[in-house]
Amino acid sequence: MADRERILKIRDLNISFKIEGKKVNAIRGVNLDLYKGETIAIVGESGSGKSVTTKAIMGILAKNGSIESGSIDYTWHDPDTDEKHTVDITKMTEKEIQKEIRGRKIAMVFQDPMTSLDPTMTIGKQIMEPMMYHYGTSKEEAYKKAVELLEEVGITNAEKRMKNYPHQLSGGMRQRVVIAIAVACRPQILICDEPTTALDVTIQAQILDLVRSLQSELHMTVIYITHDLGVVANVADRVAVMYAGQIVEYGLVNEIFYDAWHPYTWALLSALPQLGVKGEELPSIDGTPPNLFNKIKGDAFAPRNKRALAIDFEKEPPFFSISETHKAKTWYLDPRAPKIEQPDAIRRLRERMRERG
Amino acid sequence: MAEREKLIEIKDLQISFGSGKKKFIAVDHVNFDIYKGETFSLVGESGSGKTTIGRAILRINPTSAGEICFKGQRISGKISKELDKEVIRKCQMIFQDPMASLNERAKVDYIVSEGLINHHLYKDEADREDKVQKALREVGLLPEFASRFPHEFSGGQRQRIGIARALVMEPEFIVADEPISALDVSIRAQVLNLLNRLKKERGLTYLFIAHDLSVVRFISDRIAVIHKGRIVELAEAEELFRHPLHPYTKALLSAVPQPDPEVEKKKKLLVYDPSVHDYSVDKPVWEEILPEHFVYGNQKELDQYRKEIAEADKK
Amino acid sequence: MDDKKYEFLPDDFEFIGDKQNINIDEVAPARPAWKDVIYRFTQNKGAIFGLACIIIIALLAIFVPMISHWKYDAIDTSIANVLPNGTHFFGTDKYGRDLFVRTWQGTRISLIIALVAVVIDIVVGMTYGLISGYFGGLVDSILQRIQEIINSIPTLVVLTILLTVLKPSLYTVILALIFTEWIPMSRITRAQVLKIKEDEFILASRTLGASNIFILFKEILPNIFGQLIIMSMMTIPNAIFYEAYLAFVGLGLTVPQASLGTLINSGFEVFTVYPTQMTIPAIILAVLMLGFNLLGDGLRDALDPTMKEM
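Residue numbers (the working numbering), protein chains in the order written: chain A, 1 to 357; chain B, 1 to 315; chain C, 1 to 310.
No lab work stands behind these hints, which were simulated from the structure alone.
On the chain B side, residues computed to face chain A include the following (Cβ under 8 Å): (1) Ser-46; (2) His-211; (3) Asp-212; (4) Val-215; (5) Pro-259; (6) Leu-269.
Result set (EDC-like, lysine to aspartate or glutamate): computed pairs, CA atoms no more than 20 Å apart in a straight line: (7) B/Lys-265 to A/Asp-259; (8) A/Lys-278 to B/Glu-236; (9) C/Lys-218 to B/Glu-104; (10) B/Lys-107 to C/Glu-200; (11) B/Lys-265 to A/Glu-355; (12) B/Lys-265 to A/Glu-217; (13) A/Lys-278 to B/Glu-38; (14) C/Lys-35 to A/Glu-20; (15) C/Lys-35 to B/Glu-104; (16) B/Lys-267 to A/Asp-237; (17) B/Lys-267 to A/Asp-209; (18) B/Lys-228 to A/Asp-200; (19) B/Lys-266 to A/Asp-209; (20) B/Lys-266 to A/Glu-351; (21) A/Lys-18 to C/Asp-36; (22) C/Lys-195 to B/Glu-104; (23) B/Lys-265 to A/Glu-351; (24) B/Lys-267 to A/Asp-228; (25) B/Lys-107 to C/Asp-36; (26) B/Lys-265 to A/Asp-228; (27) C/Lys-197 to B/Asp-97; (28) B/Lys-265 to A/Asp-209; (29) C/Lys-45 to A/Glu-20; (30) B/Lys-199 to A/Glu-280; (31) B/Lys-315 to A/Glu-355; (32) A/Lys-22 to C/Asp-36; (33) B/Lys-268 to A/Asp-209; (34) C/Lys-197 to B/Glu-104; (35) A/Lys-278 to B/Asp-221; (36) B/Lys-200 to A/Glu-280; (37) B/Lys-266 to A/Asp-228; (38) B/Lys-266 to A/Glu-38; (39) C/Lys-195 to B/Asp-97; (40) B/Lys-266 to A/Asp-237.
Beta carbons: idealized from backbone N, C-alpha and C, even for Gly.
When you get a sec, could you build the whole thing from the sequences and use the hints?
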């Protein structure tokens, strides 16, 4: 692990939004490392802050959002000079981010391909534009590259498609085009924000495969934002679980699924119908996520945790290490805590794994 | 099996849109029955026709051929006003998008009692209010929410309001059109639990329309897989997972991501290629290849499936 | 994150989760939607300014002719073409009529026309669009063709015909408006209806046995009404200007009646000599139109804000 190159280092990130005069603490102290070539999945439900975190990386926070504190250090390797550069994205100006980072070094794929594409521009033009803008590529060169890109993302009849408009393509094809545009400038980091939620299951599987093959071909690092634990199991090397603006647990994907320790991760896994026992009630999470307008005391998940400890309401737990790569932010792992069993769903997963041998 | 009452019978159903050159056949030669008290799931991707079938049962879409019967009576096509009213009363629907399925400008009280109002199914104002409160309580919402507006509620709560709206009619049959796809993961469990509980307590029958086979396994008694307007396989839930036969079913199964990293990483994705079927000479039929397990294919394919079953059972 | 040293108590690590009541289904506090709308509206300075302008002008239009002791049609050629001074705040016109009272009298007429335009929009335009959009099919085709035919007749032709048949008066102007005014509104309404017709809550109503009329007026209309109000706010300036234009080309009101249009028309004749006679009503017209535009903008932003991103 130590010799892996770290390209993104987020420390103590705090982001708030101003809504109708009141302040919402959307991100409350997030730390995250991203290593070159890996695929990390950020899992959470709506309101957890997963999208806000990646928007902060891209510098596309909404106008009423502000980064209160923290840093996002991005390191890249300049192939021409063989030098390493590190910048703190939170300290960059909009113009700098737009010119240097967005589309060029870090690219994003959004959920709905219909709204990510300009309905009034042909597909070809939309792919060629970023190349011509960021690298000053000539029109003929960009056209050739665009056709190649379309073929790369698995679109047949690429030349013909160049002249099509978005509405003439199916949802899956549109998402492929969006991916083509995103990788047109060969970015280092690709952020995929729920890229397959709006697609059919079979198309989803193909898109995930596509991103995987592009990733290895172009040596990209990929961040997936999703609430679908099945997708996480499919794509991720490492997983970070977010709740109420914080990362509450992170680790290798096997560690999270087969050996999770945060009660929220437990609740998420237990609530999956795929891991449920027919005829029995699915363990569901009562209550609602906390109101981030208020200051949160202690563990944010405690009010919804039937097996919360007294201290969960008093003091925010630190990260406890379960292994070198696996950490969880829960008092359950404190040596003073009583013995607590992992829920049935996780034990069943482990059993199934053992049975498979 | 013979004693089970058939609540819904679909016979050789065809639904088409448009006419002449622009005729589009959305659903073709569909046959299945839904027994009283079961959860029957119809699984397919977008454009498969599953929602169209659900809406046709509730008489929202017209049918172009075939029959739909409710408790032995034909309810498709032109029917008497009384029968139409009865269908509306006894067959209700739960919609997919909680953000779009409620009238934003109406109070919850009005939304839930809309069906009652249209059919004068209450004695007086007090009776109506009482029914609304009962329905809200059954879905786990506080009765005082009746005076609020939809935008004040979360997605999961809105979906429950939609369920209350269907329940207040005291239906026997509910078509649930992708009721949990638009909800957060933790809320899905709540809604599934609620649907199961209501089924037990009220003896409801569900047609559950979905696109995720793995979710459907938990809630269904029987599952039908539909592809481009045709049902390709139908079996009891566990049996379908034990012996998936039709190549589309297999492709669908392999595409659904399982929340189990070891399984997912080792998985090989099967892609469905419709051209593997050669129906030019050997015509396909809808055959019961195992008890209560139907599959669509021609004789050559059916023989192949039988071999597969034998192999799988040997293991 | 406070860095104070936390003293751990002996029972800190006991389970207390099950002692709490976590089944409380939280709902956002009941803040009616309209309060949000009013809040957003009041935040918009332009909209408040527009509303203020309209209210001030309306008040002046209502009260000045009532309390002024100069009558709007009192002719006195001895004081013709007086420049604005202490007795005649806006001066007098070529017949010696006090322009202050005439201007506000004229504004009254313009505002009446505005009101009529809105009423026609809503009664005729909205209903037409609702029916056309909701029922679709043959009904829609027929209604749309009729509308296209009416729309393609040049307004000037309509007006000329009307004027040969009827005398120029306020009622003629209103008739001209009735003929053409409602069409843009019906188009917008129809578009809005088409947009929400297939929404799931409409479908839900149908499964609950609602009749078409019911759905139209209790489900569709309330949900698009906001948009329509905004649209009519925007058409008011057009209607006012339309009357002014008619007056300017001599097709509107006749002497001694005044409207902003006739005043501008009369003022135009002596513009080079007595510029105030035209510029003053022109300014008021401009302020009125600006006011309605700002108000319409403000309403639109208040009723339908772009989603605040989170």
